[in-house]
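Starting from the structure of chain A, add chain B where the hints point.
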Amino acid sequence: MDTQKIEQITLRVQRYNPEKGGKPHFQEFTVPSSKGMTVLNGLIYIKENLDSTIAFRTSCRMAICGSCGMLINNYPHLACHTQIEEFHSDSLTIKPLPNFHIIKDLVVDLTPFFEIHKAIKPYILRNDLEEMENPTVEYAQSHQAFESFLQFTYCIKCGICVSACPTSASDKLFHGPQALAQCYRYCADDRDDGEQERFPVVGTDHGVWHCHLAGACSESCPKGVDPALAIQLLKRRLVSRTLRLGKKELPATTAPPPAQAKPKIPFPEFTVKQAK
Amino acid sequence: MRYTYLWLMQLVTGVLIAILLGIHMVMQHLEDILRFFGVNLNDPASWQSMIERSREVIWAGIYIALLAVVLYHALNGLRNVILELTPSAKTERVVTRTIIAFGIIVFVWASYVPIALLSR
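So the protein lines, in turn, are chains A and B.
Residue numbering for the first sequence is 422 to 697, as defined by my numbering.
Residue numbering for the second sequence is -17 to 102, as defined by my numbering.
Please note: incorrect hints may appear among the correct ones.
Said to hold, decoys possible - Which stretches of chain A does chain B cover? Using the computed rule of at least three CB atoms under 8 angstroms from a CB of chain B, they are:
| # | region |
| --- | --- |
| 1 | 584 to 592 |
| 2 | 659 to 669 |
To be verified - Examples of chain A residues toward chain B, derived with CB under 8 angstroms:
| # | residue |
| --- | --- |
| 3 | Asp472 |
| 4 | Gly624 |
| 5 | Thr625 |
| 6 | His627 |
| 7 | Trp630 |
| 8 | His631 |
If you're looking for bench data, these hints aren't it; they were derived computationally from the structure.
Glycine residues also receive a C-beta, built at the ideal position from the N, C-alpha and C atoms.
The shape of chain A in the complex, shown without the other chains (with noise of 0.2 angstroms):
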């Protein structure tokens, strides 16, 4: 009895297009289901045997791209992340991401998730424009330097902390924990020298003061990253930059790049000739 239960699985997708009307309904459909099956590969056999009509977002099948959020169960998932089998029910809800706008189906509108994201420069801004554009030598990065954002850096742009986020449900405007992270990700790499140019950006009433550490978006978030902490860092660093307090980041040091200050390895010789 238990083998076809888990043979079987009924996925309740939300069914919407805005150009043609109506309001969003739910569509069922009864999917095979097999160990170890996440559910895009559910919703990829919906589009492949059931309704080639339904729309979602995939790419990488691998947790990396962040194409494929969405709501599952009423929680944010990465579809390709999330395997049937984990919710130990013969039925799961799919929904799109919350707290955007939906294009079609579970398809959302990350237009502007990524216009907030461009917003607040999430590269490495220096003074030295001419090192930048061409440059001679290396930035020395120490290990505590490095890993005092390393968890930031694994962000893969997929709006799940967002969507989770009390603060960007009820403030249209608010930044999103995503963007506020990103900023302090940057603004904590001692390469950058881009603060004055984010700060204005982010320390205002819908950016990063409007925080107010629901903490929903580390719960949510897919690779492990925790948003909360970089806001309330980036707050930390906002008032010290204000109050003039703290003690002043030495920059990072430069290096000669390696191929100057080691010498070249020879090629090593072919093992196996070489058809002539």
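Frame of chain A; chain B shown alone:
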């Protein structure tokens, strides 16, 4: 950095409320605890004690300071709540100006009482 200062002030006023309200509570409503430590205030909640306190500059100062920090903390918090629920640049302008005007009026009106009692 204006918003950073606004938020920092929210934290500072929160701490000041805890201190000033703590003084008020201990001196007026927790006299049994003070009596346990050997301090006798002779019925601090009576009318006579209140009038005597109102003639002391330090008490007038404490109450005016408490009024100021409570007004800032409460009205800035209210402003944040309103702006979160109705986010727009126009709302922000209107809400900020209204709340500043309301805060100034309430502060002047309410601080008049301890100042008037002090000058009697």
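Notebook entry, point to check: Hint by hint, which ones does the structure fall short of?
Noted result: As far as the earlier hints go, only 3 is violated by this structure.
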